[in-house]
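Trainee: Spelled out from the first residue to the last, the chains are:
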Amino acid sequence: MAAQVPTAYYLVLAAILFSIGAGSFLIKRNIITIFMSIELMLNAVNLTFVAFAHQWHQISGQIFVFFVMVVAAAEAAVGLAIIIAIFRTRQTLNVDQIDLMKL
Amino acid sequence: MQLALFIIFGALAVAGALNLLLQRHPINSALSLVVVMMSLAVLYWSLGAEFLAAAQVIVYSGAVMVLFVFVIMLLNAGEEERTSGSRAAYIAGIPGAAAIFCLLSFVFLSEQKALGVANLGGHLDNGLNNIAEISQVLFTKQLLPFEVTSVLILVAILGAVVLARKEEQ
Chain A
3 MAAQVPTAYY
13 LVLAAILFSI
23 GAGSFLIKRN
33 IITIFMSIEL
43 MLNAVNLTFV
53 AFAHQWHQIS
63 GQIFVFFVMV
73 VAAAEAAVGL
83 AIIIAIFRTR
93 QTLNVDQIDL
103 MKL
Chain B
83 MQLALFIIFG
93 ALAVAGALNL
103 LLQRHPINSA
113 LSLVVVMMSL
123 AVLYWSLGAE
133 FLAAAQVIVY
143 SGAVMVLFVF
153 VIMLLNAGEE
163 ERTSGSRAAY
173 IAGIPGAAAI
183 FCLLSFVFLS
193 EQKALGVANL
203 GGHLDNGLNN
213 IAEISQVLFT
223 KQLLPFEVTS
233 VLILVAILGA
243 VVLARKEEQ
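These protein sequence lines are chains A and B, in that order. First residue of the first sequence: 3, per the numbering used here; consecutive thereafter. First residue of the second sequence: 83, per the numbering used here; consecutive thereafter.
Bear in mind the hints are in silico, worked out from the structure with no lab data behind them. These numbers were taken from a predicted model, which means no experiment stands behind them. C-beta: ideal position from N, C-alpha, C; glycine also. Mixed in with the good hints, there may be bad ones.
Among chain B residues calculated to face chain A with C-beta under 7 Å, some are [unchecked claim]:
(1) Q84
(2) G92
(3) A93
(4) A97
(5) G130
(6) A137
(7) I140
(8) S143
(9) G144
(10) V146
(11) F183
(12) G241
Restraint ranges, calculated between C-beta atoms of paired labels, are given here [claimed, not checked]:
(13) B:V148 <-> A:F69: 17 to 25 Å
(14) B:A180 <-> A:V47: 17 to 25 Å
(15) B:Q218 <-> A:D101: 28 to 36 Å
Per the computed footprint, the stretches of chain B lying under chain A, defined by three or more beta-carbons under 8 Å from a beta-carbon of chain A, are [claimed, not checked]:
(16) 103 to 111
(17) 114 to 127
(18) 152 to 159
(19) 173 to 180
(20) 193 to 200
(21) 216 to 225
Let the sequences and hints guide you as you build the complete structure.
Mentor: And the structure:
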């Protein structure tokens, strides 16, 4: 069957998504967009877990992805609450202006 | 079929991720992230993870991204402005991300022989179907972690409420 895809291609796709996420984490200046790039990196790692679970016919990788999803959802709720609190006190979302703890 | 799904939705995911990087307005970035997550759901399904595909659509594209869009609209976030910090990030960020990508791709492609190929659907070694197998592991072997995550979510709800509450004068 010619229509098979090597598992390595899925891993390379996940690497592409992770690198774009890491790059936009560094480049973006809006705190919400930075938070979204963290979610993108988590999704890329989830894809590698699912690809390896498929590769080895084991369920453990999918269980791990399930837990990553749960923790990511909790993290998104708390992180967005922190962003709302920051916006209320500083009136800005630009990370360059949130530098109270910088030397 | 597997190849066509991989090419179409892999390209869609990469295009969405690049759009997330290039768009200046946060709402556009959020909607391109939804595109990435939906394409990833299709890829999960093609790898035989039906439960995770459904959970990806419901939890990520549904709940998490709605929360993001809600906060963007609540805070009335405008276009981000470029500062000197972003120039420094360009100089360090793009080569760094490219280096990560090159390293990971090199490792994955050099191990390609050992990794094998992916077939549509896939099968598990000792499972009837995907959801039965997941629930069996989740509610027997992984019961304690599963219960701990419910406590984690409870704490996260309380934390979100406390953090986002208006201070009373």
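Trainee: Could you run down the list of hints and mark each one as holding or not?
Mentor: Evaluation of the provided hints:
The beta carbon of B:Q84 comes within 5 Å of a beta carbon in chain A, closer than 7 Å, and the hint placing it at the interface holds. Of the supplied interface hints, the one on B:G92 holds, with its beta-carbon coming within about 5 Å of a beta-carbon of chain A, less than 7 Å. For B:A93, the suggested interface contact is broken, since its CB lies about 9 Å from the closest CB of chain A, more than 7 Å. Taken as an interface hint, B:A97 does not check out: its beta carbon lies about 10 Å from the nearest beta carbon of chain A, beyond 7 Å.
At its closest, the beta carbon of B:G130 sits 6 Å from a beta carbon of chain A; the interface hint therefore holds under the 7 Å criterion. Given hint, B:A137 at the interface with chain A, holds; its Cβ is 6 Å from that chain's nearest Cβ, closer than 7 Å. Here the hint on B:I140 is broken, as its CB sits about 10 Å from the closest CB of chain A, past 7 Å. For B:S143, the interface hint is violated, since its Cβ never comes within 7 Å of a Cβ in chain A; the closest pair sits about 11 Å apart.
Checking B:G144 against chain A: minimum C-beta separation of about 10 Å lies over 7 Å; hint violated. Residue-level restraint check for B:V146 holds (minimum Cβ-Cβ distance to chain A is 5 Å; threshold 7 Å). Interface restraint check for B:F183: the shortest CB-CB distance to chain A comes to about 4 Å, inside 7 Å, so the restraint holds. Interface hint at B:G241: satisfied, since its Cβ lies 5 Å from the closest Cβ of chain A, which is below the 7 Å cut-off.
At about 22 Å, the CB distance of B:V148 to A:F69 agrees with the hint of 17 to 25 Å. About 19 Å separates the C-beta atoms of B:A180 and A:V47, a value consistent with the hinted range of 17 to 25 Å. For the hinted restraint 28 to 36 Å between B:Q218 and A:D101, the CB-CB distance of approximately 50 Å leaves it violated. A count of 3 residues in the region 103 to 111 of chain B with a Cβ less than 8 Å from any Cβ of chain A is obtained; the coverage claim is therefore met, three being the minimum.
For the region 114 to 127 of chain B, the stated coverage by chain A holds: 6 residues have a C-beta nearer than 8 Å to a C-beta of that chain, and at least 3 were required. Taking a C-beta to C-beta cut-off of 8 Å, the region 152 to 159 of chain B contributes 5 residues in contact with chain A, enough for the three needed, and the coverage statement holds. Proximity of the region 173 to 180 of chain B to chain A, defined as three or more residues with a beta carbon under 8 Å from a beta carbon of that chain, is established by the 6 residues found. Against chain A, the region 193 to 200 of chain B contributes 6 residues with a C-beta closer than 8 Å to a partner C-beta. That satisfies the three-residue criterion, and the hint holds.
As drawn, the region 216 to 225 of chain B meets chain A at 4 residues by the rule of a beta-carbon pair under 8 Å; at three or more, the given contact holds.
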